[in-house]
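Chains as they are written, first to last, in this note's numbering: chain C, 930 to 1004; chain V, 3 to 708.
Hints were generated in silico from the structure; no laboratory data involved. Quick caveat: nothing in here was measured; it's all calculated off a predicted structure. It cannot be assumed that every hint is accurate.
As the list claims (entries may be wrong) - Pair ranges (Cβ atoms, derived):
id	chain 1	residue 1	chain 2	residue 2	range
1	C	Gly939	V	Met297	40 to 48 Å
2	V	Asn8	C	Ala941	48 to 56 Å
3	C	Ala941	V	Thr164	53 to 61 Å
4	C	Ser965	V	Lys486	29 to 37 Å
5	C	Asp996	V	Ile533	53 to 61 Å
6	C	Asp996	V	Asn85	48 to 56 Å
7	V	Ile687	C	Gly939	32 to 40 Å
8	C	Asp996	V	Ile480	54 to 62 Å
9	C	Gly939	V	Thr140	49 to 57 Å
10	V	Ile480	C	Ser965	36 to 44 Å
11	C	Ser965	V	Thr140	24 to 32 Å
12	V	Gly236	C	Ser946	26 to 34 Å
13	C	Asp931	V	Asn285	22 to 30 Å
Backbone N, C-alpha and C fix where the C-beta goes; we use that ideal spot for every residue, glycine too.
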Amino acid sequence: MDTLSSLMPGEAGMVVSIDLGSFTCKLLSLGILPKSRVIMVRRSPFGDAYYIKIENYQMAVRKSEADTIFIRKLL
Amino acid sequence: MSIKTNFRIGIIGNPNSGKSSLFNFLTGLKQDVSNFPGVTIDKRSGTYITKSNQEIELIDLPGTYSVFPNSIEEKIVINILTNESNPFYPDLIVYVADITQLERHLLFATQLIDLGFPMIFVLNMADLVEGKVLNINTSVLSDYLQSVVLVTSVRNGINLITLAESIDDNVTNLRIRPEHKIYELPQKEKDTILRIKEQLNLKSTYLAKLDAHHYQWLSHLTNNQKTLITGIIGKTSFIDIRSQVEEIMERYRDYGPIVKQTVSIPYNANKTATDKIDKWITNRFFGPIFFFAIMLFVFQSIFNWAKVPMDIIEKSFVYASSHLNDTLPASWFSDLITNGLLPGLAGVLVFIPQIAILFFLIAILEETGYMSRVVYMFDGLLQKFGMNGRSMVSLISSAACAIPAIMSARTISNPKERLITIMVSPLISCSARLPVYAVLIGFVVPSTTVFGFLNAQGLAFMGLYLLGILAVLVSGYIFKFIIKSESPSFLMMELPNYKPPLWKNVFITVKEKVFSFIGGAGKIIVFISIILWFLASFGPGNSLKNAEKSASVLSDSLRLSQSERNNLIAAYRLEESYIGKSGKLIEPLISPLGFDWKIGIAIITSFAAREVFVGTMSTIYSIGSDNDTKTVREKMADEIRPGTNQKLYDVKTSMALLVFYVFAMQCMSTLAITKKETNSWKWPIVQFLFMGALAYMGSYLAYHIF
């Protein structure tokens, strides 16, 4: 399945599941939940972090964090 | 007159909920910042006075997302909230949630209700964009939480009086809510949790669940209780993280409909102001350029705006010192005041304008939301060097002073990244190095123009800053492999909407930083100045008397004027004092770098504060008083290396000395702060040694290259 990291800037996806790990609770409490709509807005200057949009707010995540979030691409 | 009470209110909420603004509103300027016992996490408390003149203690607890913590700060909050006998345990919680983020911000509140706290739930319009029409209905939420729900806007002063009334009402007749459970334990966990509740004799079931999750680090549990919990859990299939995740999901599912009935925000497909700004500001290419432009502006402002107040502070100390010199009877005590204590105080106070301006500008960048963009942009780069995006704030602050920089490393949650940030920050050239650079660059670099518009000396200044930055990256890279850490490192964070700064918040931050600088560095600088004064004013046996005598004889034979004679005596006395002796003692150690014992003295005295170098040089070269026409720079420039007719401050030596000042850890106050922040003697010692080694090798190289 695709992860959040596979989205190109401008693409959107719907969260399907999150890998169980030490970040999971933090991701959930930040509002990244199954069925949330995520938009990949842009990548950071050094390429290691993503600027994403969820519902009505913005977040920054590292690639390693985005790799634990599985999504279905939305067209 | 107000009456003191034991009542305590905790202001709690997620980060970026407007929690601290509300705290600032309720307490005014009656705030006190200290540390939580044993850890260097800011504890902000203040006093709130009710209508009936009762004094209530208000605590602004660090922003927290849930009872399942990810940082030291969040762990402190959970330690407080799970222990009724904790000295900061609140009687009432004022929970602040951003109205536009209710779904996320409600999570922690429901957990606190399950812990049994009385609560006033505040829906704050932190940065409500104009034109966004909200339909708000608080009654459903109020029923769900069994608590008062209020809609306020701290920024626009809406409904704050109602909030105050509600607090007053709760203080006078605190309603004990009948146990109200929002979260029902899943069947498979019930046995385990209820057994813990029974065995530990706990009031709430949910508290038993938290004990089960966090027993390893909860500070109020005794070893016996921990063994008891381990025993109970060991016999079941209770899986820690899975249970936490299931709980969070269940809560979201349960209150989802409540959120929808409380606030409806019409969906707006248009780009918001934040979207439009971030398109440029966080752009992969323009973002970093914009950041460097802002930094350039920040440093220009520090040096331009601070110049006048710094001059005033310096001049008033010179005036006070000479005035006291004339009026006080000559004794060692008046000498201690005029030549030890006053210059020491001046050395502290002179940095306040720069620190205040730097933190004024940084506070604005934080308040508007820009700083979190900086963290996002530079996280990837700094991770390669053992730090994270948050370290950028410390590194920027270091250019003014390493002390507040090391203190700002507190916001870094990973202990390894925080430690590396603390260790390398002092390598950034701070403002105390500037006067030293200015004097020495004068010997090495002519004030000519290169490429038609750049000043060669200005370029040299820039080179020294770059050398410091390079050292930060290299040593960060090395520390990354030396320091071990188990804790996971993460970035995930909100990028809050841009908003105009609240000036009250900015002002309070600046005030806090300045006071912590005075408290942290001030005492040590003054203390060291007094020791140095002692070492420079006394010598073994009769050596000082003899030095005075031979200087008098010499000046008689040279027919020097009165002031020249005084200066010569001062120079001879310094040479024979304890400090002069120690300068000579370390001469063999520093002669490979091209330094003589006079430079040795200056290096030793620099430990109080680096800029003392210039003052010491002026004493050694016996100038500084009355009618002397030669400046310290000219005197130093004339100095001849003994036994040769080469200039002592030739390019080689000056370069070596410059490199030495870029790298060396010559600041007692910074070491003291490192000790305080890392809570160990090990790290300041490591810091002193690695920076010293870097300085020694760097100077050696510079001396042999040039």
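Evaluation of the provided hints:
1. Distance hint for Gly939(C) and Met297(V): a CB-CB separation of about 30 Å, inconsistent with the stated range 40 to 48 Å.
2. Between Asn8(V) and Ala941(C), the C-beta spacing of about 53 Å keeps the proposed range 48 to 56 Å intact.
3. At about 41 Å, the CB distance of Ala941(C) to Thr164(V) disagrees with the hint of 53 to 61 Å.
4. Restraint check, Ser965(C) to Lys486(V): a C-beta distance of roughly 36 Å satisfies the suggested window 29 to 37 Å.
5. Range check, Asp996(C) to Ile533(V): Cβ separation about 55 Å, and the 53 to 61 Å hint holds.
6. Look at Asp996(C) against Asn85(V): about 37 Å separates their beta carbons, and that is not inside 48 to 56 Å.
7. Look at Ile687(V) against Gly939(C): about 52 Å separates their beta carbons, and that is not inside 32 to 40 Å.
8. In this structure the hint that Asp996(C) and Ile480(V) lie 54 to 62 Å apart at CB is violated, the actual value being about 28 Å.
9. A beta carbon spacing of about 38 Å between Gly939(C) and Thr140(V) contradicts the range 49 to 57 Å that was offered as a hint.
10. Between Ile480(V) and Ser965(C) the Cβ separation comes to about 41 Å, which falls inside the hinted range of 36 to 44 Å.
11. Judged by the Cβ atoms, the range 24 to 32 Å given for Ser965(C) and Thr140(V) holds: they are separated by roughly 25 Å.
12. Between Gly236(V) and Ser946(C) the beta carbon distance is about 30 Å. The supplied range of 26 to 34 Å therefore holds.
13. A C-beta distance of roughly 26 Å is found between Asp931(C) and Asn285(V), which places it inside the suggested range of 22 to 30 Å.
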